[in-house]
Each structure stands twice: as structure tokens, then as C-alpha cells.
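Q: The residues making up each chain are set out below.
There are 2 protein chains.
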Amino acid sequence: MKKVAIGIDIGGTNTAFGVVDAAGNGYGQGRISTAGYPNIDDFQHDLALAISELIQDEEVEPVGIGIGAPNADFYRGTIVDAPNLPWKGTVPFVEKFRRFFPSRPIRITNDANAAALGEMIYGGARGMQNFIVVTLGTGLGSGFVTGGELLLGHSGFAGELGHVTVDPTGRMCGCGRRGCLETCVSATGIKRTLFQLLADRTESSELRDISYHELTAELIFCAAEKGDPLALEAFAYTGEQLGRALANAVLITDPEAIFLFGGLARAGKYIFEPTGRHLEANLLPAFRGKIKLLPSGVPEGNAAILGTAALIWHRDGADLIER
Amino acid sequence: MKKVAIGIDIGGTNTAFGVVDAAGNGYGQGRISTAGYPNIDDFQHDLALAISELIQDEEVEPVGIGIGAPNADFYRGTIVDAPNLPWKGTVPFVEKFRRFFPSRPIRITNDANAAALGEMIYGGARGMQNFIVVTLGTGLGSGFVTGGELLLGHSGFAGELGHVTVDPTGRMCGCGRRGCLETCVSATGIKRTLFQLLADRTESSELRDISYHELTAELIFCAAEKGDPLALEAFAYTGEQLGRALANAVLITDPEAIFLFGGLARAGKYIFEPTGRHLEANLLPAFRGKIKLLPSGVPEGNAAILGTAALIWHRDGADLIER
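Listed in order, the protein sequences are those of chains A and B. Add 1000 to a position in the first sequence, counting from 1, and you land on the number used in this note's numbering. Add 1000 to a position in the second sequence, counting from 1, and you land on the number used in this note's numbering.
The hints are simulated quantities; they were obtained by calculation from the structure and are not laboratory data. Treat the numbers as computed from the prediction; the structure is a model and nothing was measured. Hints should not be assumed to be uniformly reliable.
[Stated by the list, open to error] Quick list of the computed label-pair ranges, beta carbon to beta carbon:
hint : chain 1 : residue 1 : chain 2 : residue 2 : range
1    : B       : Pro-1229  : A       : Gln-1196  : 51 to 61 angstroms
2    : A       : Pro-1295  : B       : Pro-1229  : 48 to 58 angstroms
3    : A       : Pro-1168  : B       : His-1213  : 40 to 50 angstroms
4    : A       : Arg-1277  : B       : Arg-1099  : 38 to 48 angstroms
5    : B       : Ala-1281  : A       : Ala-1199  : 23 to 33 angstroms
6    : B       : Arg-1126  : A       : Lys-1290  : 27 to 37 angstroms
7    : B       : Ala-1048  : A       : Lys-1292  : 39 to 49 angstroms
8    : A       : Phe-1195  : B       : Lys-1269  : 43 to 53 angstroms
9    : A       : Glu-1300  : B       : Pro-1229  : 54 to 64 angstroms
10   : A       : Pro-1168  : B       : Phe-1100  : 48 to 58 angstroms
[Said to hold, decoys possible] Derived lysine-lysine pairs resembling PhoX-like cross-links, with alpha carbons at most 25 angstroms apart:
hint : chain 1 : residue 1 : chain 2 : residue 2
11   : B       : Lys-1269  : B       : Lys-1292
12   : B       : Lys-1290  : B       : Lys-1269
13   : B       : Lys-1290  : B       : Lys-1226
14   : B       : Lys-1290  : A       : Lys-1088
15   : A       : Lys-1226  : A       : Lys-1191
16   : A       : Lys-1290  : B       : Lys-1290
Heads up, the beta-carbon is just placed ideally off N, CA and C, and yes, glycines get one too.
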């Protein structure tokens, strides 16, 4: 029987799950709706059923279940006031889910922490003890590994780089404050930057024909590829803000490498070049030339499943991991 | 025989050393010159001799030797390009010192990391797994404990909060960059702030009679006690900058408490009140009301010896510590 971990990635719309071994080989995956289950018990029942059906015909032995969810509290196994999930307040997700899998470890953390563990077990951070993973999606998430362990902090909410204040009088953030990093550095952030440039500047741009709701980071990338000056400047500004913020984060955790993951990271040189340049220019001299800025080494289509499964391998199956 | 640790605090002018047990009881201390020894071998010889003389008549058994020094590299046991010490380049301090104490662990780290361990073993952080110690001296140092371990990072230089950029166009820093936190928040920083206020404002102040070289943080404190408006404002500004920077640091390491240690921290309410207020006002909502801002609980006269000794207790004598 092949030892496997079950990874579950709970998103606002759908929940994906999959079965992988310590080397990253997949043994099937599936998905169910999240939004369609206002009742958490119904959701867990159908999720557990779908997982059981998935593994019943495979020659596998599950070592444990790793879960990624927004606002997840690793220590308590709860999901707390997640704005995009249908279940309100504090949901004791792990405790409730245990009735379906009573004899296996079940662990939960947020998406960015799962991404960091995925990078460590399956990606470019193999063998690293100190690194940062920045996930650039609708918002900006981050997971820090220090001394070979996930940095969780006192209440399990460490690694919220997206809400570092870069400008106290800056853009309004969903958290109720102003000038958080993710108001500039995220898919939404670059869109806001582009709209600010459309307002400030007079250059012609194909993006002047697109509404705020229609505009996406991908469209800005396509315009940049064609040499659109405002799209190029939006990427340059995004990278500058990210590079500066990372230079400050380096001072606190002294990482060997920083990995960029997610939608914006796919823009390649447009985001990596300015980020790397401003990171380097703003580093304390002792750190210059020493911090690697890298794209994530985890295959993107599978990253959420691999990351949540890594939560199990790191804690409960360290002996099975190929280093 | 009482088990003890030897703590050594290497400063630019003098080196203090002392013998303490796991409960913090002292068994003698002494000091030798640092500045008087351009040759590291002579320095180590006389330091080892002084330590041997100190312990020879005591009923003690040294468990190990902990050393605090500027620019110390924990992993390699070296002191690297310390501007205020007489020995230039990379000094393999631990390797060289081992000839005098061949059979005991010898560990070295920077002053702020030693202060953090001192707080954990002997001070207000007893029982805490996640906290920050900020040392406010001529500069600003910081030591982070996460998950019960000192945050050291990849090259051993984690926890350099003093060089976080708070204003990219701000004051020149000794590191060659601009706007580092310690250019505002330190004994030197508050002096620079006061001089800026003397230039900007027209209010009368007794501090207008004092030269830059004569001015100290203590004189600013005394003026504040008498209601001097510029001195009060200098403290308010210092606390605001510190509070804002700490709110960002909280997002990364999620500490239970933040301890302020050193000269400026002795200014009590003048520094704690604005720091606490701006910390709280700038925290992400999830952290509000949860982060304790506290004065160090380590007796100040002894703090450097206790902190460097803690380096040994934490690593080599955990079973002897009273929790």
C-alpha cells in the first residue's frame, strides 16, 4: 500500500482535493462546490464521501489530511470569519471533520502557509531552512519558513505581508486601513495602479477602452507585451513596491530565497525584473547579492493540493520525503 | 558543585563577564578593556585568565560560555567587520577561544539576540514562545523568538529591525542608506529629532543652549519631565515611528508581547504611551488588543551577563531552567 496524503484546498467557489504521495505522484483528484453548501455539516459530509470514493479503488494508505483555507488557524483547527466562505464566525473545521477520519492527523492552515510547505517539500525550496513564499493572487499572501519550520506565531496568524503598511495615506484596503502592500501588489493592486495611471497620464493606451470591472492583470500583461507604456509602468511600480517591502522583510527573517507564486508571478520579467532590482537596491549592505528571488518551483495546476498535502508530510511523514 | 554559565559581553570600550546559575544567581563578575587590545590573541588570553581566576575559588561547574558581541555570527562563531571593535575583518572568535575552554560549548550572538534569550530565561518572556525584544541604545537592535527558538535566519543576521526603511527619503543612516528606523528610534535618533525640531520651531526650550555633541537622550528626558514642548514632541515622534514599525513587524512574526529594553525605554510613559498608541492604531484588526507592549523584565545592570548566559541555558541546560 502506497502511503499518501490527502490535500484539500477550500476556496470561495469550489473545494479541490487530491491524493498524492511523498514524491508528488498523484492518485486522483476531484472537486465539490463550496458556495453551494451554506451548512458546514452537509459540506463536510459530501466532501468526506467524495474523498472516500476517490481512494476506495486505489492501493493507498492515507497518512493524514491537510487542508488549506482562508483565515485558517493552525493551532485551533478553526476557520475564523472568512469573508469569502459561506460559514460565518469561528468554524471548528478540524474537530468536526474528524468524525469522518477519526484515526488520522488532520491539519489546517491558510493558503500561503500551505504554498510555503509545498515549496519546501515539492518545489524550489527543497533543502532550504529559511525562505519566504509570496502568493500574488486577488490579494497578497505570504508564508515564512524559518529554521526549517513554518513561522506561525502566537495566534497562528504570522506571515501577513500583504497588510504591511507601505504608505499610511495610501489606497484604502479591504482590512479597513490604508496603504497596505496588497493594495498595490496583487492582481487587484496592479489594476488600481493602472487606473491611477490612466487618470494621471495622457499617453494613449488600449486599456482606456476597458472598464474597471473588465480589466484583469492578464490584460495588463498582454498590453505590456505589446509595449503599452502605462501597462509597463504599472508593472514597474508594482515591482518597486514589492521589492521595497521584501527588503524590509529580509531584515526580520534573513531568508535564503524568496519565491513568487500565482497569477502576477506568471508575468515573468515584467514583475521579477523591477522587484529584484528594488529588492537589491534597498537591502542592508550585509544582505546584498545574497537573496535569491525565484519563481515557485511547484507545478501551478497542482500547487494547492501539493501544498496542503505537504502539511502532512512535513509534520507526520518526514521520513518518507525524498530530500 | 553548582552548575553555572559564563556570560561575556563584548563592548567597544570594555568587556564584562560574569558567572550565573540557571536561576539567575550571580557568582562573581569582572571586566577587562576591549579597546586596549588591538591583538585578539592577547585579548582572549587575558579574558580567559580573568575568568579562570574568578571561578577558581567558587564551588561551581561551568556548563558553557555565552558571548554577546556586535556583528556576531551564531552559525560560524565569528565576529564580522564590527565597526566599534579593534579587530577587523572576520574574527573566528569561538574557534580561537576554544583553546582556553576545550571541553565546553561556547556560543556567540549579537547583543539583541542575547537580550531576547535573557528575557526568555530570566525576564518577562518566561513561558512565551513568540515575542520580540527591542533594544534602544545608541542604535536600535532587535531579537525575535518564534516557536520558542531564536530567529536566526539563513546567515544568522535575522532581526535587524533597526534598519527597516521607514522613509526612503529620510535621514542618512550609518549603514549608508536613508530613513532606517534607528535614525529616528534610538538615543541618537531622538537627538536628531530634537535638533530638527529646534530648527523647525520657534518655541523656547532649555535645550537650545546645548550643543549636538553634549545633548543626550537623558537630557531630553529631563526636559520632558519639566514640560519642555520640544522634548515632549521628540518623544511623541519617536514613539509614533516605533509603534508604526512594530505594527508591521507584528504582521510577520505574530508575537505575544514586545519588550522594550535599554536607555530610551527608561523614559517610561514618554516612550511607552506613544509607541503603544501608534502600535495599536496601525495593527491589522485581527491583532488589535492582543499584543502586549512591556518593559524588559531583566534587571538592567545585569542584563548583558544574564542574556549571554541564557545562550547556554537555552541550548545546553534546558533541564536546569525553572519555568
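Q: Could you run down the list of hints and mark each one as holding or not?
A: To see whether the hints hold, each was checked on the structure:
1. Separation of B/Pro-1229 from A/Gln-1196 is about 39 angstroms and departs from the stated range, judged on CB atoms against 51 to 61 angstroms.
2. Between A/Pro-1295 and B/Pro-1229 the beta carbons are some 54 angstroms apart, a value that agrees with the proposed interval 48 to 58 angstroms.
3. As the Cβ distance of A/Pro-1168 to B/His-1213 is approximately 34 angstroms, the hint placing it in 40 to 50 angstroms is violated.
4. A/Arg-1277 and B/Arg-1099 have their C-beta atoms about 47 angstroms apart, which keeps the hinted 38 to 48 angstroms range intact.
5. For B/Ala-1281 and A/Ala-1199, the hinted distance range of 23 to 33 angstroms is satisfied, since their beta carbons lie about 30 angstroms from each other.
6. A hinted range of 27 to 37 angstroms holds for the C-beta pair B/Arg-1126 and A/Lys-1290, which are about 35 angstroms apart.
7. Between B/Ala-1048 and A/Lys-1292 the beta carbons are some 41 angstroms apart, a value that agrees with the proposed interval 39 to 49 angstroms.
8. As the Cβ distance of A/Phe-1195 to B/Lys-1269 is approximately 45 angstroms, the hint placing it in 43 to 53 angstroms holds.
9. Separated by about 58 angstroms at the C-beta atoms, A/Glu-1300 and B/Pro-1229 satisfy the suggested range of 54 to 64 angstroms.
10. Taking 48 to 58 angstroms as the suggested C-beta distance range, the pair A/Pro-1168 and B/Phe-1100 conforms, at roughly 52 angstroms.
11. Of the supplied pair hints, the one linking B/Lys-1269 and B/Lys-1292 holds, its CA atoms being roughly 15 angstroms apart against a limit of 25 angstroms.
12. Of the supplied pair hints, the one linking B/Lys-1290 and B/Lys-1269 holds, its CA atoms being roughly 20 angstroms apart against a limit of 25 angstroms.
13. Among the hinted pairs, B/Lys-1290 with B/Lys-1226 is inconsistent with the structure: their alpha-carbon atoms are about 34 angstroms apart, more than 25 angstroms.
14. Of the supplied pair hints, the one linking B/Lys-1290 and A/Lys-1088 holds, its CA atoms being roughly 22 angstroms apart against a limit of 25 angstroms.
15. Annotation: proposed proximity of A/Lys-1226 to A/Lys-1191 holds, straight-line Cα distance about 17 angstroms (limit 25 angstroms).
16. For the proposed pair A/Lys-1290 and B/Lys-1290, the alpha carbon gap of about 35 angstroms is over 25 angstroms, so the pair is violated.
Violated hints, listed in ascending order, are 1, 3, 13 and 16; each of the other numbered hints is respected by the structure.
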